[in-house]
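Chains as they are written, first to last, in our numbering: chain A, 979 to 1260; chain B, 116 to 430; chain C, 0 to 323.
The hints are simulated quantities; they were obtained by calculation from the structure and are not laboratory data.
Be aware that a few hints might be false.
Listed next, the stretches of chain A that the computed footprint assigns to chain C, with coverage defined by at least 3 CB atoms under 8 Å from CB atoms of chain C [stated by the list, open to error]:
#, stretch
1, 1052 to 1060
2, 1162 to 1172
3, 1185 to 1194
If you want the ones that stay clear, here's a sample from chain C, every Cβ over 10 Å from chain A, calculated [claimed, not checked]:
#, residue
4, F13
5, V166
6, R234
7, I279
In this text, all values refer to a predicted model and were calculated from it rather than measured experimentally.
Using N, Cα and C, we set each Cβ at its ideal position, and we do this for glycine too.
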Amino acid sequence: MTGLSDFWKVFKRNKMGLTGLGIIIFFFLMAVLAPFISPYNPNQTNPNLFLSPPSSQHLFGTNEIGQDLFSRNLYGAQISLEVGFAAAAVTVIVGLLIGLISGYFGGIVDEILMRVTDFFLVIPSIVFMIIISAFLGPSLINVILVIGLLSWSPTARVVRSMVLSIREWPFVEAARASNAGHFYIMFRHIMPNVIPIVFANATMAISNAIFSQAALVFLGVGDVNDISWGQIMHFALYSGAISAGDWWYIVPPGIFIILLILGFILLGYSLEEIFNPRLRRV
Amino acid sequence: MIDINDLFVRYKTENGYANAVDHINLRIEKGIIFGLVGESGSGKTTLGLTLLRILPPSAEIASGSVNIDGTNILRINENEMRKWRGKRISMVFQGAMNSLNPVINIERQVAEPLIIHENIDWEQALKIAREKLALVGLGENTWKRYPHELSGGMKQRVVIAMAIITDPEILIADEPTTALDVVTQDRIMKLIKSLQREYNLTTILISHDLPIVSEVADKIAIMYGGKLSEVGENEQILRNAKHPYTSGLLSSIPEPGSSKEIKGIPGEPISLVNPPKGCRFYNRCQFASEKCKNYDYSPKIVEVGHEVYCTLYGE
Amino acid sequence: MKGLASYFTKRVVFAVVTIFIIISFNFFLFRILPGNPIELLYRNPMLTKAQIDALYHQFGLDKPLWEQFLIYIYNSLTGNLGISFYYKQPVTNVLIPALENSLILLVPATILSIALGIITGVVSAWHRGTKLDFALLGSALAFYTMPTFWLGSIFIIVALYIGGIPVSGMYSLGLNYTGIIPRIMDLLSHLMLPLITLTLVLYGEFTIIMRNSLIDVFTEDYIITAKAKGADDKRIIWEHAYPNALLPMVSIIAINFGLVVAGAVLTETVFSWPGIGLMIYDAIISRDYPILQGAFLIISITVVIANLIADFVYSYLDPRIRYK
């Protein structure tokens, strides 16, 4: 696996990965183009159209204060993707660092870091997120940090187990023998070999973050003011629209979340398949 | 009597078909130890798996027949075949590797073929299993143990006990001593030999190690690149080897007491995918000539029971 | 057997340490973060001066931090989790019944989802590459990616459309039961939708893991050995492959108890099921910090204990740990 073009050659034969990538690109375009293709200003209310079902004017109907749900759903893609990528970046960076240090140094450092990792793996992170978000107050950056900082343990574990085997490779041994610095070896020699698997892990982290953000906002502890799919569902439940049977309010944001998460999961599976030869034969 | 006719088995790979057993004819008499020797990738294991029809899904038996006492086992249906496996034909795998199930104890694994094939309850089956375990030299303290608690040699004995518990007619042993130390290797070989004598087992001994095989085998076939290169009685192969490949294998055996350098065969084994026309050994053979490139693998009979597949020996 | 004892000791020590860290976390979290309860205590209009003084003393705020910490640990371990701002009762009195309600939903949902996951996973693995595999895997993935609260909401809309299916709470309001049986029937009818929702969102991951772990096991040498013995498909799957494939499954289930809890919290919120999840939700709205703190502690301890149980099950299933 050398270079991007080689990777693409393998990747384009992977139907699962292509489907995932296609879905992600679709939502990416939705987020970027939302201001241009939205038929209405998503915040514009219309007192004459409370909770109206889908029509040719309002494809997804309207909400309890007469806002156009189609436009709001288009804008909703922005927050999901922003939070997804940003939180996953935090997750991956922390997970990568902890995994590298733990695996490379071993011994007592490894023991302590892995117990901490186990701790974060075991605690019910969503409850933790809810409580911390409730304290910190609703803001996008808080949601991103909370999700990112509570989700890194699986990445750390995967990275550590890879580092454990890579550090026995001859070129790493050679580098050590030549008295190269620890951090030089870690980042120049070991990290490049871990990166592919980290990418596969990152897609899982992204789907995880999208899911968590929607859940937090739905529970009212995220940022309820920014338009997001979780927020649309939050108001669908608490405006009584669900009890009234207004399906159009709740169905589209859920389907969008499912599709987007599915996109990242499919991409993740395909990357793992490509980078992990043990899976490839299956 | 096992009669293999024009057997052709290939694997589907990313780069095309790998012809693992490439139109082979072979005859194995009842009650003998038949050694099948070749490097890894020569097709010898595939041949063994074909006899039990337990090839991986990527494999395909493209043509040929395997007649055992008059039944072509390649033609019978899967249900029929299952009755052969573990009952009439048993297989001994490399016990030191992962051929034993890690979560089932030893005696239950050994007894299982009886449960599958005989109308018998667990209690009786376990009793017989313990007898067989004792027979292969495993004492009572091992019976209820799990594979990870046993040494490589002990696991190999377990696998053998499991294979003979149904009193099969044919035993296929695939690298039964690989990954074992020399002393244990010797003991396992002696065990196989004594079982073969006692039960008149037709034993097919598959190995990369000609010296080990030659210690016990009555007949030996040498495989290279999915083809046979030489077949003969033990003595004929050891004392009168005709094929340059066989000679190569023999010259890599250190003479007892001699300090002579082991020669080995230069070059890499040939790939089974898209093999060249003619002799498979061409690129490594010191006697290679133009006519080898078109060799059609018609056998040359050296003497009774001794066949060689080589252009060096005239019509 | 010595290996097993040391394995258990290790797991128990880890569980104890984890609980200790959670308690410490709780202590500092509720003192350091902005808008923490101590700060808010004096501004809470729902509390009388006397209550504030009582709480002040209870938190030990007149003492140095390390002493406060020790008092806090002592209180947590003795089940004294403070007094709820909203209910004006000891937190334990409020949370224990809620925990029971949560378990009524959680335990059956976990068991059902694991059973469903194992069955679909085995079928999928055995028919891998076929349309059946594709369909089973597809639905597993779909439910796995489905937001819990969304699926719950959809069920509510459908149930309301059909009519007659309770969509909220645990018992019908204002009903006088004539016996235990009608009461249980009422409970079961209320349990139906939350249970189905939680089971469905949980099972998908188990299917995927079971399938992949089985397919991995199918390539092991001992599966070929079983085949060579003449074992049929049924025997190969259930006697040889399944017990081995279950091992990764158990460790994943252990790791995922956090996810189960997340699913339960969201399900309870949607269906107003009076468990800990709903309690957390209400506590956030009413800023009832002792409840939040207590809920986090109780949930964490439940998860840690569930993990410990999973470890024991694992060691029971894997002789490599049982006899080291």
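Hint check:
For the stretch 1052 to 1060 of chain A, the stated coverage by chain C is violated: 0 residues have a C-beta nearer than 8 Å to a C-beta of that chain, whereas at least 3 were required. With 0 residues having a Cβ less than 8 Å from any Cβ of chain C, the stretch 1162 to 1172 of chain A misses the three-residue criterion, and the hint is violated. Against chain C, the stretch 1185 to 1194 of chain A contributes 4 residues with a C-beta closer than 8 Å to a partner C-beta. That satisfies the three-residue criterion, and the hint holds. Annotated as non-interface, C:F13 brings its C-beta within 10 Å of a C-beta of chain A; the closest such distance is 7 Å.
Distance check for C:V166 against chain A: the nearest CB is about 8 Å away, which does not clear 10 Å, and the non-interface claim fails. With a minimum CB-CB distance of about 22 Å to chain A, C:R234 clears the 10 Å threshold, and the non-interface call stands. The Cβ of C:I279 sits about 6 Å from the closest Cβ of chain A, inside the 10 Å cut-off, so the non-interface label is violated.
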